[in-house]
Each structure stands twice: as structure tokens, then as C-alpha cells.
Amino acid sequence: MNKTRLKTFFLNFTILIGVFLIDRVSKFYILKLAEVEGSVDIYVTPYLNLFLIWNKGIAFGLLSVNESMMYNIITLVICLIVIVILFMMWKNDNIKTYFLALVAGGALGNLYDRIVHTAVPDFIDLHFNGFHWFVFNVADIFITIGIFCLILVELFYNNKNINE
Amino acid sequence: MNKIKPVIVIFLTLLFLNACSAISGGIGASKKKGSDEFLVEKKAPLVLPPSFGELPEPRKKIDENIASTKENTLSIKDIIDQSSSIDSDIDKNKSNNSKEKLIIKKIIEQ
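Sequences listed follow chains F and D, in order. So the first sequence is numbered by the numbering used here: it starts at 1 and just counts up by one. So the second sequence is numbered by the numbering used here: it starts at 1 and just counts up by one.
Chain D extracted, bound-state conformation (with noise of 0.2 Å):
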């Protein structure tokens, strides 16, 4: 009896110092504490958002983007009439570019 009482407290400080563990508790076989996938939970009743009624007639902002659209881009004769401009200034000398002025001019009176 005298022998057994130092070996169990020598085992009872294995027991605290040691510090292996089971496998299954790192693969995963322990309940995981997460969010429940099978929990049912109750939607909210839908409601109409309070600004609902502030809202802007869908064709009225189709308008006003076509409008907004047409304002943000040139016109073809503008871009007609700066190229004109361009090309004058560099071929002011040359009369080869008769055709495209011809053709420019068509476009023009068209």
C-alpha cells in the first residue's frame, strides 16, 4: 500500500503534464458548434419601402436619358465642319484633296 500511493500521484502528474489529444476531436468528429442548415427561420412579411411612391415614371427617365445623351455628343456636322477646318490648314497648298471636299460638300447640302 505504501508502494501504491507515490505511483498514483506520479500518474496523476502524467495525466496533467502530458498533453496528447484524440484524433477525432482535429478531424472533426466533435460537435462543431456553427449555424444550424437545418434551422427554419421565419421571413419578415413584405412591406412597401416608404419612398415607394416618390419614385419617377420609368418612360419620363428614358426620355431624360436620351435627352442627356444627345446633348453629351457632337453633331456630325460639327465634326464634319472641324475637320474641314483641319484639313484646309494643312493642305492649303495641295489641290489633290478636291475629291474629299467635293464629297464633304455633299454630305453638307445632304
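Next up, chain F with everything else stripped away, as it sits in the complex (with noise of 0.2 Å):
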């Protein structure tokens, strides 16, 4: 292992154990907050309150079912993708593996959730004019900026240099 790729290594570490943190310090502070005053529901500005649910499926409430099979069969698939994801960071060396940090890192966070409490709990309600968007928490920020930031260098980084 050269310098460069132990470097890249740390970096990429820091990013994942950092998100990990982030994701773990708001989770616990808003369950606090649970445990104190029974339930979450707080105005912050006018288009965002911090309100607790828990969310026992994947993205957007899909598979939220309270069978315990399917539960585990998502968790244990969730489980694979985080391993998977961990591998490319580890085989990669180019731009990707950054945003792989992020994903991982939020994807860490949600899975402890998921194993710990049996869900995930979300919290931060973005709404406008009476239209509220998904409920989500911080390491779902995380996932989602780096999934999108994936996208982009698949679309537009891999093709300029095959221009190249």
C-alpha cells in the first residue's frame, strides 16, 4: 500500500467515522428529548419542524411492514449493501470513494438504528404551504448527497475520461 492510497485510506475514514458521529449525536439528542417530554414535535422555522417518527422499511416508508422476516430480510440486505460498499471504497481510488465515505457513513448510522431499536427514527420535517416532504434524519442527508454526487461522476466524470 502506497502513501497516496494509506492517505486516501484515512481520509475516507475520517469522512465515514465522522458521518457516523454526526448521524449518531442528533439521533440521541432528539430520543432524549423523546424519553424526556414523550413525544417530538418542535417548530424550529416556518418551513421546518423537528417531528419523531420511527420507520421500520426502506426509503420513503416502502416495505414498512411489521413482520419480523421481512424486517430481517431488509436489514440482512441493507447489511450487504454496506459491505458491499466498504469493498469499493477499499478497491477504489479516484473521486468515487469520498462519496462512498458519505454513504457508508449514513448507511452505518441508519443500520445501528435498525439493529438497536428495531427502526429507524426520522425527524427533520421540511414543509411548505401545508405540503410536507418525507421525514428524514441526518445520516439519510448524507446518503442522499452522496448517492447524488455517485450519480453525477458516473454520468459526467467516467465520460470525460473515456474523452480523454
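Incorrect hints may have been included.
Claimed, not checked - Straight-line distance between alpha carbons at most 16 Å, and here's what the computed EDC-like set of lysine to aspartate or glutamate pairs gives: (1) D:Lys106 <-> D:Asp81; (2) D:Lys3 <-> F:Glu154; (3) D:Lys5 <-> F:Glu154; (4) F:Lys96 <-> F:Glu154.
These are calculated hints, taken from the structure and not from any lab test. In this text, all values refer to a predicted model and were calculated from it rather than measured experimentally.
Mind docking these for me? Both chains are given alone in their own frames, and the hints should help you get the complex.
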């Protein structure tokens, strides 16, 4: 392992741990509030509320079922995806690895909740004119940014390399 | 086409890793699996308890209660006797309680 690769690995690892910790701190704060007050429904700005709900499924509340078998299968699939992402992080040595680290950090944050709390706490409620976007958490923000950047890289960065 | 395939895979990854959920689930728009308040339940027919005949008669019970309360409470005479004996001990050498003794004596006579 050369010096540049080692440096990239540590940078990625720092990003991953950083994202995971930010997510954990935010969730810890919200769960503490919920423990003290019973529920969390806080007005922050005219467009943002903190409202705690639990998601047992995947994105957009899909596959939210009470059956433990289905829940375990989804958790297993997520575990496999996280392992694949970590493997890709290890194998790749380009700009993709940073975005993969963002995704992996967020995914590990949500996976932790799935294993410990058997559901993921969502609490950021963006709304405008009575229209509410899906409630999400800090990990979701990092995952979405990472995935969006990966799509952009896939579409433009690789294309540029081929042209060169 | 070459570009679309990895983009779809990445997007599917987003679906699985992301955990955002609809607010309706939290507010309570979803159907609750609680008890149905409109459910009409059949009521069981009224039947006499098996030991219904063994119950004591109401009048007899009241008399028993009165008798027991009488036993528990001290009679007025006993109380006066007790108080007079205490008074006599304390005020053995005093003669200013003659009025009280006179009243007590009258009560006893009655």
C-alpha cells in the first residue's frame, strides 16, 4: 500500500466516522428529548419542524411491515449493501471513494438503529404551504448527497475520462 | 445505455439505505390495529351464582353487627367509674372537686 493510497484510506475513514458520529449525536439528542417529553414535535422555522417518527422500512416508508421476517430480510440486504460499499471504498482510488464514504457513514448510522432500536428514527420535517416532504434524518442527508454525487460522477466524470 | 445501468443500481442503493418516511405514518393517518369500538359483542345470559341460596338473611346480619358494636364499645358507667377512680387518686387531698363528684353521683343514680 503506497503513501497516497494510505492517505486516501484514512481520509475516507475519517469521513465515514465523522458522518456516523454526527448522525448518532443528532439521534441521541432527539431520542433524549422524546424520553423526557414523551414525544418530539418542535417548531423550528416556518419551513422546518422536528417531528419524531419511526421507520421500519426503507426509503419513503416503503416496505414498512410489522412482520419480523421481512424486517430481517431488509436488514440483511442493507448489511450486504454496506459491505459492498466498504469493499468498493477499499478497491477504488478515485473521487468516488469520498462519496462512498459519505454513503457508508450514513448507512451505518441507519443500520445501527435498525439493529438496536428495530426501527430508524426520522425527525427532520421540511414543509411548505402545507405540503410536507418525507421526514428524514441526518444520515439520510449524507446518503442522498453521496448518492447524488456518485450519479454525477458516473454520468460525467467517467465520460470525461473516456473522451480523454 | 452503458451509463444508465450503474445509475439505476446507485438509485436502488439509495432506496435501501435511505430511511425517510411519510409523515402520515407518524400523525396517524394509517389504519390502527386497535380494538373496534363499533364491534357489537354478544352478552352472556344472566345466571344466578351457585352460592346464591347460601347468603345470610339481611335482618340477621344487621342484628349481628349491632351486637358486635355493643361489645366493642365501653358502657358509660365503666367510663365514669374509671374517670372517678383516676380523679380520686389525683385529687385525694383536694376538696374543690366536690361539685364534680356530686354530678357524677347523680348520673350514676339515673
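Consistency of the hints with the structure:
A distance of roughly 13 Å separates the Cα atoms of D:Lys106 and D:Asp81; the hinted pair therefore holds under the 16 Å criterion. For the hint pairing D:Lys3 with F:Glu154, the CA-to-CA distance comes to about 7 Å; that is within 16 Å, so the pair holds. A threshold of 16 Å between alpha carbons decides the hint, and for D:Lys5 with F:Glu154 the separation of about 10 Å falls inside it, so the pair holds. The hinted pair formed by F:Lys96 and F:Glu154 meets the criterion: a straight-line CA distance of about 9 Å does not exceed 16 Å.
The earlier numbered hints are all upheld by this structure, with none contradicted.
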